[in-house]
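S.K.: The sequence shown maps to residues 1 to 367 in our numbering.
Please keep in mind that the hints were generated in silico from the structure rather than gathered at the bench. Backbone N, C-alpha and C fix where the C-beta goes; we use that ideal spot for every residue, glycine too. Incorrect hints may appear among the rest.
[Said to hold, decoys possible] Simulated DEER-style distance windows between Cβ atoms:
#1 ARG109 to LEU147: 36 to 44 Å
#2 ILE188 to PHE280: 32 to 40 Å
#3 SER172 to GLN273: 26 to 34 Å
#4 ASP123 to ASP168: 31 to 39 Å
#5 LEU200 to SER172: 27 to 35 Å
#6 ALA88 to ALA3: 50 to 58 Å
#7 LEU147 to PHE280: 19 to 27 Å
#8 ILE188 to ILE151: 36 to 44 Å
[As the list claims (entries may be wrong)] Dumping the calculated SDA-like pairs for lysine to any residue here, alpha-carbon to alpha-carbon at most 20 Å:
#9 LYS133 to LEU285
#10 LYS133 to PHE226
#11 LYS133 to ASP123
#12 LYS258 to LEU285
#13 LYS133 to ARG281
#14 LYS98 to ARG109
#15 LYS258 to ARG281
#16 LYS98 to PRO84
#17 LYS133 to SER210
#18 LYS133 to ASP115
#19 LYS133 to VAL308
#20 LYS133 to ILE256
#21 LYS258 to MET284
#22 LYS267 to PHE280
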Amino acid sequence: MFAYIVRRLALIPLTLVGIVAINFAIVQIAPGGPVEQVLARFKGTAVEATARISGASGGETAAGSAASGANQGKVYRGAQGLDPEFIADIKRQFGFDKPAYERFWIMLRDYLRFDLGKSYFRDRSVLELIIDKLPVSISLGVWSTLLIYLISIPLGIAKAVRDGSRFDVATSMAVIVGYAIPSFLFAILLIVVFAGGRYLDWFPLRGLISDNWSELSWPARIADYFWHLTLPVTAMVIGGFASLTMLTKNSFLEEINKHYVTTARAKGVSEHQVLYGHVFRNAMLIVIAGFPATLVGMLFTGSVLIEVIFSLDGLGLLGFEAVINRDYPVMFGDLYIFSLIGLLLNLVSDLTYHLVDPRIDFAAREV
1 MFAYIVRRLA LIPLTLVGIV AINFAIVQIA PGGPVEQVLA RFKGTAVEAT
51 ARISGASGGE TAAGSAASGA NQGKVYRGAQ GLDPEFIADI KRQFGFDKPA
101 YERFWIMLRD YLRFDLGKSY FRDRSVLELI IDKLPVSISL GVWSTLLIYL
151 ISIPLGIAKA VRDGSRFDVA TSMAVIVGYA IPSFLFAILL IVVFAGGRYL
201 DWFPLRGLIS DNWSELSWPA RIADYFWHLT LPVTAMVIGG FASLTMLTKN
251 SFLEEINKHY VTTARAKGVS EHQVLYGHVF RNAMLIVIAG FPATLVGMLF
301 TGSVLIEVIF SLDGLGLLGF EAVINRDYPV MFGDLYIFSL IGLLLNLVSD
351 LTYHLVDPRI DFAAREV
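All chains, please: the whole structure from these sequences, using the hints.
M.R.: This is the structure:
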């Protein structure tokens, strides 16, 4: 098993390089890079553009370390009428005076040292921004995943035991709704109903904590934290519990119909002991081992729109704003951290399979 872990860890850098390279290549053909945006803003509002330029003028820190961007070789039409030397200076400040392959290798070199560069427009390092935003995304991901498992596993077991009953049919309606409606639509509905949108005003609309959080006592701080989390976590749980519920039900149904269960019942073993003493371990293998993968999904995909809708200052909102503003260091730094955590959690997922059932040994499998 140790050899398998070593092989998987050795593959992580190569996978990261592949992910970053593919996205870097895509960005090369995407229109509207940061230089173009700055020039457009400069022609529209000189004050804003000047502030943006000064924020990006960390010299080589803003451009060199991020080393990513769109194809800036073409002359942007919005730059017509501006001094060519001024345009060239902006390109130099963002690092686009270098060819694409050189920017890519500089980026890889810096990423090996975990130097993710400096944001073009925030005047802060990308790593600092990610560390600041990470607690919000972790809060959403961890609490949502835990609640999904706490709801889905008992519900899936109950549906399997009562397969075909009224309970199974009734709960299947809730599962169908969870499948059909994405979490961000539930989020909008919750805002309309419970956050002052149209009916009730019970929960805050934005942020993870109140403005006076530091002045509250510790019990009040905890209550305030969960008060702000209630709606976004509820939206993510409603949108995510359906698939795990059906996975649990189908796993249990498959095991319940096997011969060893029939034999155990014929020997007079109680139904409770059959279910939780024999079936549970085998049926829950795929469910429990899938926990890291579910957490990855909640952290990296499920929370992005939720953070935007509820104005939660997490990695999802940070990445969304970076894409809108063409803040390439933040975009690629976000992607790098997401990919790294995802690859590590996938390895944890494989190890969880082995821990749940030692008969599963990846050491003999070719990677």
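S.K.: The structure should be examined with respect to each hint, and the outcome stated for every one.
M.R.: A quick look at each hint next to the structure:
1. ARG109 to LEU147: 36 to 44 Å: holds (42 Å)
2. ILE188 to PHE280: 32 to 40 Å: holds (38 Å)
3. SER172 to GLN273: 26 to 34 Å: With Cβ atoms ~28 Å apart, the hint holds.
4. ASP123 to ASP168: 31 to 39 Å: violated (57 Å)
5. LEU200 to SER172: 27 to 35 Å: For SER172 against LEU200, whose Cβ atoms are near 29 Å apart, the range 27 to 35 Å holds.
6. ALA88 to ALA3: 50 to 58 Å: holds (53 Å)
7. LEU147 to PHE280: 19 to 27 Å: holds (21 Å)
8. ILE188 to ILE151: 36 to 44 Å: With Cβ atoms ~22 Å apart, the hint is violated.
9. LYS133 to LEU285: Violated, because 33 Å separates the two Cα atoms, which is more than 20 Å.
10. LYS133 to PHE226: The given pair, whose Cα atoms are some 18 Å apart, holds under the 20 Å limit.
11. LYS133 to ASP123: At roughly 16 Å apart (the allowed maximum being 20 Å), ASP123 and LYS133 satisfy the hint.
12. LYS258 to LEU285: holds (16 Å)
13. LYS133 to ARG281: Roughly 38 Å separates the two Cα atoms, so the pair is violated.
14. LYS98 to ARG109: holds (15 Å)
15. LYS258 to ARG281: Satisfied, since the Cα-Cα distance of roughly 14 Å is no more than 20 Å.
16. LYS98 to PRO84: With a Cα-Cα distance of about 17 Å, the restraint between LYS98 and PRO84 holds, given a limit of 20 Å.
17. LYS133 to SER210: holds (16 Å)
18. LYS133 to ASP115: Measuring from Cα to Cα gives roughly 17 Å; hence the hint holds.
19. LYS133 to VAL308: holds (13 Å)
20. LYS133 to ILE256: violated (45 Å)
21. LYS258 to MET284: Distance of about 15 Å is within 20 Å: holds.
22. LYS267 to PHE280: Judged against 20 Å, a Cα distance of about 18 Å means the pair holds.
Hint check: violations occur at hints 4, 8, 9, 13 and 20; the rest are consistent with the structure.
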